[in-house]
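Peer 1: Turn these sequences into a full structure, and let the hints guide you.
Chains as they are written, first to last, in this note's numbering: chain A, 1 to 269; chain B, 1 to 660.
Rather than coming from a laboratory, the hints here were simulated on the basis of the structure. Hints are not guaranteed to be accurate.
What the hints assert, rightly or not - Just a sample of chain A residues kept apart from chain B, beta carbon distances all over 10 angstroms, derived: (1) E73; (2) N203; (3) L268.
Said to hold, decoys possible - The calculated label-pair distances, taken between Cβ atoms and stated as ranges, are: (4) B/N506 with A/D175: 44 to 52 angstroms; (5) A/N205 with B/Y529: 33 to 41 angstroms; (6) A/D175 with B/N403: 38 to 46 angstroms; (7) A/S137 with B/G646: 54 to 62 angstroms; (8) A/E100 with B/Y626: 44 to 52 angstroms; (9) A/P230 with B/N403: 43 to 51 angstroms; (10) B/T616 with A/Y64: 31 to 39 angstroms; (11) A/N205 with B/E95: 44 to 52 angstroms; (12) B/G638 with A/N134: 53 to 61 angstroms; (13) B/G638 with A/S137: 35 to 43 angstroms; (14) B/F437 with A/D175: 28 to 36 angstroms; (15) B/Y454 with A/A246: 56 to 64 angstroms; (16) A/N171 with B/N506: 44 to 52 angstroms; (17) A/S137 with B/L491: 46 to 54 angstroms.
None of these values were measured; they are calculated from a predicted model. Ideal placement from N, C-alpha and C gives every residue a C-beta, glycine not left out.
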Amino acid sequence: MKQCKYVFSILLLCFGISFSQEPHGAKQIALSHADISASDDVFSIFNNPAGMSLINNRQIGFFYSPAPYGVKELSYAYATYCEPFSFGSLSGGFSIYGYELYKETNFAIGFGRMIAPNFYLGLTAAYRNISIKNYGSKGVLFINAGTIIKLTNKIGLGILLENITRSKISNDSNDIPTVFWFGLDLNLVKDFIFYTAIKKELNYNPSLRLGAEYSILEFLKLRIGAGSEPNNYSSGIGILYQFLQADYSISSHADLGVTHQFGLIIFLK
Amino acid sequence: MKIFLCYVFFILPFILIKAQADTTSFQNKLNDLLEDATTDKEGVEYYDLVEYLLQNKIVINKSSIKELMVIPNVDRLTAAAIIRHRNLLGGLNSEEQLRAIEGISPELIEQIIPFLIFGDTKKFSFFDSIQKSFEDINISIRSRTINDLQKEKAFKENKYYGSDFKFYNRLIISKEKTIRLGILTEKDPGEQSLTDFTTFHIAIKESGMINNLVLGDFLIEFGQGLALWSRYSAGKGIETIKILPRSSNGIIPYLSSDENLFLRGIAADFNFANFNFSAFASSRLLDGNIDPVTNKISSIKLDGLHRDSSEVAHKRIIKENLFGITAEYNFGEIGNFGLLFTNFSYGNEFEHQSLLDPAGNNFSFISTSYNISFNKVGFNGETSYNGKSFATINNVDFSIDKNFAVLFSYRNYATEYWNLHSNGFGEKDGTQNEIGFYTGLYLKTDLGSLSFYYDQFKFPIASDKFPFPSKGNGFLIYYSFKPNINLEMRLKYINKLKETVTTIENQFVLTNLRSQNIRAELQYKLSKYIQMKSRIEFVNIAPSSSQPEEKGFLIFQDIKYSPATYLAFNGRIIFFRSDSYNSRLYEFENDLVGVMTNPALYGEGIRWYFTARYNTNFGLTLSMKYSELFKPNEKFLGSGDSMINGNLDNRLSFQLDFQL
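Peer 2: Written out as structure tokens, the structure is:
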């Protein structure tokens with residue numbers, strides 16, 4: 001068992017950083033993260049901070065992935081809170097990832113504001129601490145910046161720049177990736193939204209993301225998505241009941257298999 | 001001299017105060033024109049030319065068809081439509097009257113308005129102007145410094161004489177449209193003197209019989225550019241129809257920072273009835289290499305760099321004398337016919353090492369140009385003869401209406417046709433060794449506008465080492481759509497197939513090289529103050545030989561923010577990735593006014609820049625740019641003397657503009 005843990009530790013070091021950098025939330029995963037232009041819930045602080053400015057009531061969000069790909073050592077959890085003000089929306093968030101040998105924690109605060117009608121900007125400042133058993137721990141501050149633009153009433157555009165400060169934990173590596181996200185959403189048919197995005201991370205090929213969401217009932221949404229680099233596909237549902245939104249997603253990674261995620265958003269007055 | 005320049009460039013600005021003309025609109029237009037450039041050379045000359053046209057606006061009520069045709073994108077049919085409308089109304093006194101012309105697209109009207117003066121203006125003779133003291137004198141000053149913040153290897157080793165700063169200073173003094181004095185000095189990084197390059201002119205317009213008189217440095221444009229032309233001209237790109245025929249500007253006072261290929265001496269032209277005559281003479285020294293054994297010119301050096309003893313040894317050692325005359329007859333709206341004779345002679349003979357090299361030291365050219373329009377069809381072209389061989393280009397354009405136009409062009413430039421001052425349309429530079437046929441099309445519908453070109457070309461000699469023909473072709477499809485006034489979507493696809501010489505098992509062979517480029521772009525105006533642009537671009541290079549296929553990718557986001565008329569900011573961030581330099585991508589950047597930057601991006605990295613401009617209310621404009629290139633996987637950037645230690649290359653530029 002101990003050997004297994006070391007294997008997982010190596011896996012975490014190799015793959016884990018990119019896992020933890022992907023925008024999270026059950027809705028986002030169900031859409032294969034193609035919804036960068038339509039981030040409008042409390043998880044925006046980790047996805048596209050411009051989405052915070054689209055929130056008009058207090059929200060608390062929880063997200064938990066207990067054992068990605070059957071490996072509980074890869075588990076991660078998020079908790080976020082957003083408070084809208086007249087001058088913009090403020091958010092705070094916390095995430096934890098890994099286990100006793102390798103642990104990554106993030107503390108984030110974010111601010112989003114409408115700059116002009118149909119033009120929203122947001123910033124997230126996050127402090128990441130990585131702790132590796134027997135090696136110690138180290139933390140660094142980095143900043144994400146995003147924008148959402150409603151080009152027309154049927155077309156939205158989103159841009160996210162992750163780690164624009166090009167912060168890094170170790171001297172030589174690109175361990176906190178600098179990433180450019182560009183996405184569009186098309187709302188051409190009633191109750192149906194098509195999402196597409198391109199992710200360009202330094203040192204990796206561009207990755208194409210596609211997703212769709214269909215509001216089959218007023219309170220029930222079906223989601224599906226696919227992406228490249230690496231190849232993956234996903235689906236999920238969202239249920240809105242009074243002040244609660246529960247989301248579930250299932251995703252398949254070309255090499256790692258299938259996994260499940262759960263999210264919960266509480267809307268406060 | 002240095003004290004005078006110091007006064008002119010650093011003290012005068014604080015004494016003379018007046019608002020500066022806004023050049024933003026024409027800069028945006030230039031950016032569109034130069035977006036397709038596939039070279040990292042700076043297109044400064046074209047920028048300076050357009051700026052010159054903006055500073056010397058055309059009085060629309062006194063202009064001829066030929067004068068209107070010097071405005072970018074104005075062809076003979078458009079110019080004739082403007083003249084007809086003017087004659088019908090008895091004069092054009094407002095922009096609204098121009099906008100009412102049928103047959104010219106609203107976009108084109110808006111493009112040409114900045115180049116025009118409406119209503120009547122009082123005409124002064126040259127001597128009247130002198131007598132009217134110094135009223136209405138315009139003084140324009142531009143001073144710029146550019147500094148690469150990372151030291152290149154040659155500077156670390158103190159290999160160059162001068163500092164790593166680049167300095168540029170320019171002064172223009174003009175009065176009405178009658179007289180203009182211009183002087184420019186430039187120091188490249190590594191050069192010692194602030195006046196390493198100096199160019200100047202005095203230009204007089206409309207004085208007695210003389211239309212234009214230039215003393216000092218100038219350029220001559222004639223016909224379609226086969227015998228004499230300026231350095232820059234728009235190449236193949238999204239303007240598939242408007243690139244031909246070219247409209248020559250005739251005599252152009254030169255005030256640009258390219259250190260070669262201008263003329264220095266005297267040039268004048270005058271009108272007599274429907275004739276226009278011009279004469280010019282030039283004598284100057286060029287940079288180059290002279291073989292010490294044969295005493296022949298082995299090459300002409302065009303980079304203008306004089307940074308170390310080796311480069312200084314080649315500075316201005318080749319004498320060039322040039323003279324010529326032109327005559328042109330105008331048939332009014334129908335067209336014109338022109339003749340040119342020019343002779344170049346050099347102090348030494350050229351080494352004739354290959355069929356493409358010049359031989360001897362004396363070159364004469366006789367050229368004819370024509371431009372004839374019948375209803376909606378235009379025929380135009382130029383044929384030039386150098387005593388041994390011909391270069392010719394002939395175009396026919398069908399401007400059916402403002403929504404549909406077709407252009408056909410045939411060119412044949414002989415292998416022996418060598419001309420240092422030509423700049424004909426073609427696949428490659430040089431107006432030599434090329435046969436081609438170009439077809440362009442433009443169609444505008446309610447669903448957007450579509451541009452297309454197909455160009456096929458053949459080079460009778462593939463290269464200096466390979467005396468067999470090579471060929472190729474390329475096409476472009478460009479679609480743009482504006483669903484509303486604030487949003488424009490653009491799609492561009494270019495496919496080019498070209499035979500290139502490669503070495504396989506120590507044998508030279510011709511292999512096909514296909515390059516494809518796809519670009520998608522969104523431009524959107526979010527408010528009165530904010531404009532954004534997003535772009536995604538892919539390039540694919542596929543050789544037919546055993547060499548591997550290569551790919552490149554680029555994505556960028558650009559934002560312009562102008563919270564007030566006197567303040568403007570622009571920022572852009574670019575992520576790029578390409579397999580090598582062969583699959584590089586270009587992105588044309590906004591820069592300081594008068595600077596054009598089109599860097600080649602290859603490998604893996606990020607580039608970003610930020611510009612700011614502040615117009616004071618007393619005529620002074622301050623602008624700056626900071627740019628940064630970051631390649632995380634590199635330990636060095638560049639090579640040779642320009643190599644930088646580390647993976648970061650950043651540059652800081654400042655500019656001061658002042659207009660009285």
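Peer 1: Does the structure break any of the earlier hints, and which numbers would those be?
Peer 2: Hints 2, 6, 7, 10, 12 and 14 contradicted; others consistent.
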